[in-house]
Amino acid sequence: MKKKKCLPAVMTVLTAAACVALCVSVLVLYTQGTARRAAGAATEPIFTREEVARQMIWVGPILLAWLAAAVGAWALGRTERDLGRADQPLERTLALLRARVGLVPPEAEKERTLRRRIWIAGGAGMGLCAGWALLWLLNRENFTSWELERVMGEMLAHILPPLALGFTALFTVICLCDRSRAREKDALLRAARGRHLPHAAAPLKSVAETGRLSLVRWMLLAAAAALIALGVINGGLNDVFVKAINICTECIGLG
Amino acid sequence: MVNVKAWWQAHRPTTRRLVQLYAALLQNAHLKGFAEGKIYTGPTKAVCVPGLNCYSCPGAVGACPLGALQNAIAASANRPAFYVVGLLLLFGLTLGRVICGWLCPVGMIQELLHKVPTPKLKKNRYTRALSWLKYVILAVFAVIIPFWYSLQQYPLPAFCKYICPAGTLEGAVGLLSHPANAEKFSMLGILFTRKLLILAGVLAACVFIYRAFCRFLCPLGALYGLFARIALLGVRVDKSQCSGCGACLRACPMDVGRVGDHECIHCGECIGVCPEKAISLKAGKIVLKGPDCAPAVQRRKTQ
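Chains as they are written, first to last, in our numbering: chain H, 1 to 255; chain G, 1 to 303.
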């Protein structure tokens with residue numbers, strides 16, 4: 001039992017240590033490199049193979065220890081995976097209870113109306129935030145400078161606040177709706193006392209294999225084939241090839 | 001001998017893991033590139049692979065669809081991006097997010113990291129809300145910024161340049177670890193530092209959160225998610241058999257609202273847990289994996 005509890009804790013510490021070690025070594029390399037550059041010539045490289053090798057002397061063993069521990073824990077442990085499985089969704093419980101009581105009590109109905117209003121208000125808030133961010137993003141004037149670092153900085157400064165506000169609004173809506181659902185559950189439980197609980201609620205809507213869907217799919221497949229053919233003709237294929245056979249400096253982070 | 005058998009029974013890879021491994025090897029089949037520190041320059045590089053696989057990886061034999069899309073948008077002022085859009089449309093319509101669950105090498109790496117025994121973050125309403133972030137990243141970094149700079153004839157694949165951890169892991173680490181590329185160290189700077197920090201954060205997050213990058217950040221997953229309703233291949237629910245018990249949603253590690261929605265990677269974990277045997281992996285009307293051939297993990301649990 002102790003072993004079971006100990007292993008996740010050890011692996012958590014090791015994972016955090018490996019992550020911190022990697023981040024610290026990169027930051028040390030960068031700060032030392034920029035200091036060297038500030039003191040010497042502007043062409044002085046920030047990262048050198050020798051410096052990286054020197055850092056790897058202490059970071060490497062930590063990363064290797066983490067890897068060995070991870071593989072060992074996997075090999076020696078059981079594979080009963082905890083994939084972060086969720087609890088029973090509250091909507092399901094509510095659907096079951098609604099089916100049980102038949103006639104939904106007014107308190108429960110009130111909560112459903114309240115939730116609808118919360119979503120409308122939250123949706124309006126999120127829409128405003130999205131509009132705020134989009135207004136900035138869709139203005140071409142904001143993306144004309146060649147100083148990319150400055151452009152990215154400005155972009156983040158302008159779109160992060162509305163994004164953060166939008167997600168805060170979303171989280172608030174979720175939190176308020178959860179509370180409302182809990183209240184509805186209580187109301188339904190009171191109304192359902194003594195009645196038989198059905199086996200399951202009505203199934204949710206699912207994707208149906210309809211003739212219309214099939215038609216849309218075939219039309220889009222034909223469009224895809226046509227686009228690929230047009231792309232081959234207009235030189236798009238060659239563009240992809242040229243980009244892919246040369247080392248992508250952006251992907252690696254050169255510069 | 002009994003112990004070895006029991007160990008193998010408990011640890012043997014599932015069919016999906018084998019497919020993932022095979023797909024990763026197939027997409028990075030140029031093993032010579034790792035030995036020489038050079039990328040592949042053969043004709044197959046003109047074709048995009050379905051999963052997120054950096055074309056600067058020494059082993060990559062195809063182009064990254066997301067990188068190709070950004071570059072096609074960046075060049076769209078001169079030439080419409082027909083080829084890449086057509087390819088993505090084809091992948092989305094035929095495979096959809098099955099690519100994420102079965103073919104993406106980055107997805108496999110994330111799943112392997114999640115096997116490290118640590119406390120795990122359960123999916124909840126908040127993680128589901130956060131999963132919309134990848135659509136914002138798709139719109140901003142993969143479409144809007146490359147498009148605006150294309151009007152100035154400047155190719156700027158912003159997601160690759162500022163975020164992509166796959167590029168850092170496969171491209172940067174893959175290439176720079178070889179002595180033949182020692183001179184490239186002198187070209188590294190703030191971009192590489194930032195990207196390596198992002199990579200470290202993402203890898204650490206994947207240990208605690210199932211497919212953290214896939215769920216919250218990956219624009220390619222967001223793009224394929226748009227095809228969830230019309231993709232040919234995917235997990236489907238037989239409505240006439242479904243009782244709505246919710247066992248599938250509880251077993252699902254992704255932030256799905258229902259089986260087969262835009263967050264579903266069609267891994268098939270739900271097939272074996274459905275008490276009504278209503279779920280199956282289908283290609284159109286052909287059943288590829290039904291309840292009678294449930295995943296190996298489920299079989300082991302029930303034994």
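No wet-lab data here; the hints were simulated from the structure.
Just so you know, not all the hints are guaranteed correct.
Said to hold, decoys possible - Below, computed lysine to aspartate or glutamate pairings styled on EDC-like, alpha-carbon distance capped at 16 Å: (1) G:Lys-184 x G:Glu-36; (2) G:Lys-184 x H:Glu-44; (3) G:Lys-184 x H:Glu-91; (4) H:Lys-110 x H:Asp-186; (5) H:Lys-110 x H:Glu-44; (6) G:Lys-122 x G:Glu-183; (7) G:Lys-184 x H:Asp-186; (8) H:Lys-185 x H:Glu-50; (9) G:Lys-38 x G:Glu-183.
Claimed, not checked - A short list of chain G residues far from chain H (calculated; beta carbon distances all over 10 Å): (10) Val-84; (11) Lys-161; (12) Leu-203.
Every residue gets a Cβ at the ideal spot worked out from N, C-alpha and C, and that includes glycine.
We went through each hint and held it up to the structure:
Note on Lys-184 of chain G and Glu-36 of chain G: the hinted pairing holds, with a Cα-Cα distance of about 15 Å set against a maximum of 16 Å. Restraint check for Lys-184 of chain G and Glu-44 of chain H: the C-alpha separation of about 13 Å stays at or below 16 Å, so the hint holds. Of the supplied pair hints, the one linking Lys-184 of chain G and Glu-91 of chain H is violated, its CA atoms being roughly 55 Å apart against a limit of 16 Å. With a C-alpha separation of about 13 Å, the suggested pairing of Lys-110 of chain H with Asp-186 of chain H holds against the 16 Å cut-off.
Straight-line distance between C-alpha atoms of Lys-110 of chain H and Glu-44 of chain H comes to about 69 Å, which puts the hinted pair past the 16 Å bound. The suggested pairing of Lys-122 of chain G with Glu-183 of chain G is violated, with an alpha-carbon distance near 45 Å, which exceeds 16 Å. Note on Lys-184 of chain G and Asp-186 of chain H: the hinted pairing is violated, with a Cα-Cα distance of about 64 Å set against a maximum of 16 Å. In summary, the hint linking Lys-185 of chain H to Glu-50 of chain H is not supported, as the alpha carbons are separated by about 64 Å, beyond the 16 Å threshold.
Between Lys-38 of chain G and Glu-183 of chain G, the direct Cα distance comes to roughly 13 Å. Compliance with the 16 Å bound is thereby established for this hinted pair. The claim that Val-84 of chain G is not at the interface with chain H is violated, since a C-beta of that chain comes within 10 Å of its own (minimum 7 Å). Distance to chain H contradicts Lys-161 of chain G as a non-interface residue, since its nearest Cβ pair spans about 4 Å, not more than 10 Å. A cut-off of 10 Å between C-beta atoms contradicts the statement that Leu-203 of chain G is not in contact with chain H; the least separation is 7 Å.
Comparing the model with each earlier hint shows violations of hints 3, 5, 6, 7, 8, 10, 11, 12; every other hint is respected.
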